[in-house]
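Asker: Next come the chains, spelled out residue by residue.
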Amino acid sequence: MLTAEDQTAIEQRLTDFLSKCEAQWSALVDKGGNLFAQAGDTGNLDLSILSALAAGSFAATHELAKRLGESEFSALYHEGLGQHILMSALHHECLLVTIFGERTNIGLVRFYAQQVTPPLNELLQGAREKEAASAPLQLEGNFLDDRAAIS
Amino acid sequence: MAFINYSSREIQLKIVYYGAALCGKTTNLVTLHKQITHAQKGELVSLATDADRTLFFDFLSLNTKTLPGFTTRFQLYTVPGQAIYNTTRQLVLKGVDGIVFCVDSHWDKMADNVESFANLQENLIENHLSLVQIPYVLQYNKRDIPNAAPINYLEFTFNNRANRALAFESIASTGSGVLETLNAAARLLLAKYSKTPNANVTGMTQPNLSVAVPAAVENPQVSAGNAAA
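Chains A and B, in that order, give the protein sequences.
Residue numbers in the first sequence follow the working numbering, run continuously in steps of one, and reach 1039 at the last position.
Residue numbers in the second sequence follow the working numbering, run continuously in steps of one, and reach 232 at the last position.
Wrong hints could be hidden among the right ones.
[To be verified] Capping the alpha-carbon separation at 25 Å, the derived lysine-lysine pairs in DSS-like fashion look like this: (1) K68/B x K195/B; (2) K198/B x K919/A; (3) K954/A x K1018/A; (4) K37/B x K68/B; (5) K198/B x K68/B; (6) K44/B x K68/B; (7) K919/A x K44/B; (8) K198/B x K1018/A; (9) K954/A x K908/A; (10) K195/B x K44/B; (11) K37/B x K1018/A.
[Said to hold, decoys possible] Estimated spans, in silico, between C-beta atoms of each pair: (12) T930/A x D147/B: 41 to 47 Å; (13) T40/B x G995/A: 43 to 49 Å; (14) R991/A x P71/B: 29 to 35 Å; (15) H979/A x I128/B: 22 to 28 Å; (16) Q136/B x E958/A: 40 to 46 Å; (17) R12/B x A953/A: 35 to 41 Å; (18) T90/B x S962/A: 16 to 22 Å; (19) I128/B x H966/A: 45 to 51 Å; (20) D929/A x T40/B: 44 to 50 Å; (21) H41/B x E951/A: 35 to 41 Å.
Think of the hints as simulated: they come from the structure by calculation, not from any bench.
Glycine included, every Cβ here is placed at the ideal spot set by N, Cα and C.
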């Protein structure tokens, strides 16, 4: 669960992170593939797909780490010709996914990703605590009538 | 676990199509991608081998406005059915909200179906979940094949729990029963958010089964056992 204040706070951190490391786009994705906060621009990329693939890729890497006796590979880097992706593990089953191009380099992005990780973890912890303390979402209305939910 | 974003008024729900190899999980998503017109749909992504067998997962995202004041984003995944990809299936089940268990109606596939259903339950346990917590529907697919197992046998084998699941007959390749299955799964998930869930459309009562449910009958032709026990 993410409130408007949580999202604003996370997005401010991401925006600040992007301006420092000069990356193009950054997002928080959970390990189930849900995107819940982002900053920057990816053009016409389908962000649902991007998140699902990033979560899948990181999950596979995590499993590889386990097989090698590592508790986790904390970061995963994919290098392309012009665009690259860095994925860093956060707490609460979340990932920081960053896309960057030729304006910056992996060292800088990784450095600032490490810097932004503790405050993001704190914000996630706060959101998790709020969720645990709040009542579950219950909506009024006959939305479960005989109409198809999806058509 | 469902992700609720109060800022963008969005609820994200993950539905996983599970089942034995070649039972029609990917075909379900391909057909849905063709059939669905009103919901805002994303691209269908398949991480498959050269032989078109699912290697990691297939993925399709659908946005609907079913819930008042919220956009509901259904994220549909399939798992690879082949036995060697069990670790991958466990990964795809992370954060699952609902399951469609796809059963191949072919007699010769019964043992595979039963094994896959048992494997689903094992992999849910690996993710600290169970079929008691996670809403699921059953889909008896390939009903058009000449030697399809009778529905009463499939019901006995896969739907013989105290709380019976909604079950649907389908022919995923033609689209028959595909959207009905997904809608049933979607309603089961959405019922959680309703102050006044209507039992007739949420599957909480038995008479809503879409297939005839006869008394449990044991069929001696197949020795696959009772997967739902």
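Asker: Need the status of pair K68/B, K195/B: alpha-carbon distance at most 25 Å?
Answerer: Within the cut-off at roughly 16 Å; holds.
Asker: Taking the CB of R12/B and the CB of A953/A, does the distance hold inside 35 to 41 Å?
Answerer: Between R12/B and A953/A, where Cβ atoms are some 37 Å apart, the hint holds.
Asker: Verify the CB-CB distance for T40/B and G995/A against the hinted window 43 to 49 Å.
Answerer: Once the Cβ atoms are compared, 48 Å apart, the range 43 to 49 Å for G995/A and T40/B holds.
Asker: Does K1018/A lie within 25 Å of K954/A when you go C-alpha to C-alpha?
Answerer: violated, 31 Å
Asker: Need the status of pair K198/B, K919/A: alpha-carbon distance at most 25 Å?
Answerer: Violated - the C-alpha atoms of K919/A and K198/B are around 29 Å apart, more than 25 Å.
Asker: Could you grab the alpha-carbon distance between K198/B and K1018/A and see if it respects the 25 Å cut-off?
Answerer: Holds - the C-alpha atoms of K1018/A and K198/B are around 21 Å apart, at most 25 Å.
Asker: For the pair supplied as a hint, K919/A and K44/B, confirm whether the alpha-carbon distance does not exceed 25 Å.
Answerer: Holds, at about 22 Å.
Asker: Taking 35 to 41 Å as the stated bounds, is the beta-carbon spacing between H41/B and E951/A within them?
Answerer: holds, 38 Å
Asker: May I ask you to test the hint 45 to 51 Å on the CB atoms belonging to I128/B and H966/A?
Answerer: violated, 32 Å
Asker: Does K44/B pair with K68/B here, judged by a C-alpha cut-off of 25 Å?
Answerer: Measuring from Cα to Cα gives roughly 12 Å; hence the hint holds.
Asker: Next pair to validate is K37/B with K68/B; report whether the Cα-Cα distance is within 25 Å.
Answerer: Holds. K37/B to K68/B sits at ~20 Å (cutoff 25 Å).
Asker: Does K68/B lie within 25 Å of K198/B when you go C-alpha to C-alpha?
Answerer: holds, 17 Å
Against the hints set out earlier in the document, violations occur for numbers 2, 3, 9, 11, 14, 16, 19 and 20.
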